[in-house]
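From first to last, the protein sequence lines stand for chains A, B and C. Sequential numbering of the first sequence, starting at 1, is according to UniProt numbering. Sequential numbering of the second sequence, starting at 1, is according to UniProt numbering. Sequential numbering of the third sequence, starting at 1, is according to UniProt numbering.
Honestly, the hints are just simulated from the structure, not real lab data. Don't take every hint at face value.
Same chains, same label: a pair holds when it works inside one copy or across any pair of copies.
In the SDA-like style, the derived pairs of lysine to any residue whose C-alpha atoms are separated by at most 25 Å in a straight line are [as the list claims (entries may be wrong)]:
1. K111 / A81
2. K150 / L70
3. K150 / L69
4. K150 / L190
5. K150 / G56
6. K150 / F12
7. K111 / I193
8. K150 / H65
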Amino acid sequence: MSEVQLILVLWFVGVLTEAITGALAAGRNRMDLFGVVMVACITAIGGGTVRDILLGGYPLIWVAHPHYLLAIALAALMTVAFSPLMRYLTRLFLTLDALGLTVFSIIGVQKALSLGHPPLIAIASGLITGVFGGILRDLFCQRVPLVFRKELYAMVSLVTAALYMGLTMAEASEWLKLAICLPLGFGLRLLAIRYRWSIPTFDYQEQGVH
Amino acid sequence: MSEVQLILVLWFVGVLTEAITGALAAGRNRMDLFGVVMVACITAIGGGTVRDILLGGYPLIWVAHPHYLLAIALAALMTVAFSPLMRYLTRLFLTLDALGLTVFSIIGVQKALSLGHPPLIAIASGLITGVFGGILRDLFCQRVPLVFRKELYAMVSLVTAALYMGLTMAEASEWLKLAICLPLGFGLRLLAIRYRWSIPTFDYQEQGVH
Amino acid sequence: MSEVQLILVLWFVGVLTEAITGALAAGRNRMDLFGVVMVACITAIGGGTVRDILLGGYPLIWVAHPHYLLAIALAALMTVAFSPLMRYLTRLFLTLDALGLTVFSIIGVQKALSLGHPPLIAIASGLITGVFGGILRDLFCQRVPLVFRKELYAMVSLVTAALYMGLTMAEASEWLKLAICLPLGFGLRLLAIRYRWSIPTFDYQEQGVH
């Protein structure tokens with residue numbers, strides 16, 4: 001398996017995982033099956049879509065490969081069918097989600113670089129790819145995005161993207177970059193969940209300007 | 001009247017109807033007249049705008065034809081002026097909205113095909129054109145999108161778009177396609193309202209992952 | 001200093017001011033530092049980003065000049081560090097925000113014209129640039145956009161953009177246009193705050209269609 005194939009497989013696992021988290025969030029809002037599929041799509045491919053709209057990276061991935069939409073819809077409907085089992089799979093999902101977050105961040109960097117953007121934009125692209133699906137999911141489900149409050153979620157994406165970018169500038173081989181960034185992002189996220197690491201919160205309750 | 005003109009007239013009726021539903025939703029949030037016009041614009045042309053951004057279909061329709069914005073603003077302000085009458089027109093609006101939904105879905109398919117996209121994307125394009133104006137309206141008005149919960153709303157759009165796509169692949173004439181899809185989408189939506197048809201809801205109240 | 005440099009300096013002041021209002025809004029939602037930076041970015045450059053996506057004006061400004069992102073992040077973190085002082089600076093922020101609103105509106109008109117769009121789209125572009133950062137901020141912070149309800153906020157943007165467009169059509173010099181539009185927009189907004197001017201509100205509490 002080449003490193004491109006590895007990333008593609010991990011990306012697809014991440015997409016399906018995000019689809020499931022989207023479907024569950026829709027279920028918490030008592031949406032109908034259409035809403036479930038829609039929120040699953042937005043969660044699974046929203047990050048890459050926002051990234052490509054911002055960077056002008058047309059055609060969008062799911063427009064070029066529309067069968068991904070069917071896979072996401074299927075994952076969403078299977079989530080509904082097997083929802084009573086979901087409570088036993090929380091740990092599995094958090095693990096797959098950590099993997100997806102890491103892979104999405106790496107892919108975001110790769111995509112921006114392939115479009116000729118500079119390092120800082122590549123890192124921002126990794127971050128956007130990693131976290132924006134979840135941000136859109138929460139927006140459609142009427143809650144302040146968890147990403148803005150949760151254990152190191154966005155920070156893991158940022159660290160992974162920055163490290164991958166740094167290794168790219170150091171001209172590391174693709175395998176080396178993956179061998180370093182995948183376990184690091186994945187491990188950092190799992191440790192953050194396990195020990196409830198978080199970054200400081202800004203609590204400002206003054207009224208006034210805006 | 002050619003079939004292109006028919007679709008254009010129906011589209012414009014749909015745009016003005018959506019503008020009115022947007023203005024009323026803004027009124028329920030006690031927005032000022034500017035907010036009313038803004039939400040009316042987002043509701044009326046949001047679906048086509050999201051579609052064209054996703055598919056890269058530039059220039060956007062209202063950018064190429066800015067006088068549509070004035071028509072929408074006028075419809076929004078007339079809604080405010082005649083708001084005491086609106087309660088008597090509920091049935092009329094639901095009817096016009098059903099027509100608009102059907103026409104928007106058909107136009108979405110046509111647009112994607114004209115841009116060279118495959119059938120599955122054309123159907124998704126019809127769906128996005130049909131429902132995203134309402135989704136954006138509800139997002140700006142702080143409620144979980146009705147589209148994700150209401151009687152067959154999105155399903156009507158999906159069925160209409162899929163049928164229109166199927167007839168296109170069967171090389172039916174444009175008149176035949178409209179003669180089948182318009183009454184079917186329109187009738188299905190009216191029946192769904194009349195008999196409160198809906199698709200199953202996913203109710204998932206477990207806490208846990210995300 | 002040329003008029004281009006003047007506008008650039010004022011634009012940058014506006015960007016930093018909006019970054020601060022975004023950071024404070026994030027603090028009211030008790031977001032973590034990442035959320036603070038993210039909402040600051042969205043508020044500061046969201047208006048121009050939405051405009052350029054709608055008009056197809058690629059590359060986006062912050063993609064072409066990524067160091068602006070660092071300046072915004074720094075402004076956001078400084079806001080957190082000095083948040084106890086913010087309550088004493090309310091008046092200063094409202095003043096800078098009024099200036100930013102005016103400048104953003106002018107820049108939006110200029111950008112649309114430079115892309116070859118007609119006057120009506122140029123005015124819409126000024127309005128979008130002026131108000132959409134604040135709209136996105138409120139969307140991410142789960143409140144009905146203040147812009148849709150606040151003292152003449154959007155109206156100031158609209159008046160400034162329309163006036164600038166009119167003077168452009170009358171072939172006024174760039175300095176003359178700025179000498180008229182900047183004080184007018186700025187003054188109008190300050191007067192609106194001082195005397196609590198507002199435009200009529202639409203209050204519609206009937207249930208029914210949508």
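Against the structure, the hints come out as follows:
1. For the homomeric pair K111 and A81, neither the shortest alpha-carbon distance inside one copy (35 Å) nor that between copies (35 Å) is at most 25 Å.
2. Proximity of K150 and L70 under a CA criterion of 25 Å is satisfied inter-copy only: 23 Å between copies versus 30 Å inside one chain copy.
3. For the identical chains of this complex, K150 and L69 are inter-copy neighbours only, at 22 Å across copies versus 28 Å inside a copy, given an alpha-carbon limit of 25 Å.
4. Taking the closest pair of Cα atoms, K150 and L190 come within 25 Å of each other only inside a single copy of the chain (13 Å); across copies the shortest separation is 39 Å, beyond that limit.
5. In the homo-oligomer, the alpha carbons of K150 and G56 never lie at most 25 Å apart, since the shortest distance is 30 Å inside one protomer and 34 Å across protomers.
6. In this homomeric assembly, K150 and F12 come within 25 Å of each other (Cα to Cα) only inside a single copy, at 24 Å, whereas the closest approach across copies is 31 Å.
7. For the identical chains of this complex, K111 and I193 are neighbours neither inside a copy (28 Å) nor across copies (45 Å), given an alpha-carbon limit of 25 Å.
8. In the homo-oligomer, the alpha carbons of K150 and H65 never lie at most 25 Å apart, since the shortest distance is 32 Å inside one protomer and 30 Å across protomers.
When each numbered hint is compared with the structure, violations occur for hints 1, 5, 7 and 8.
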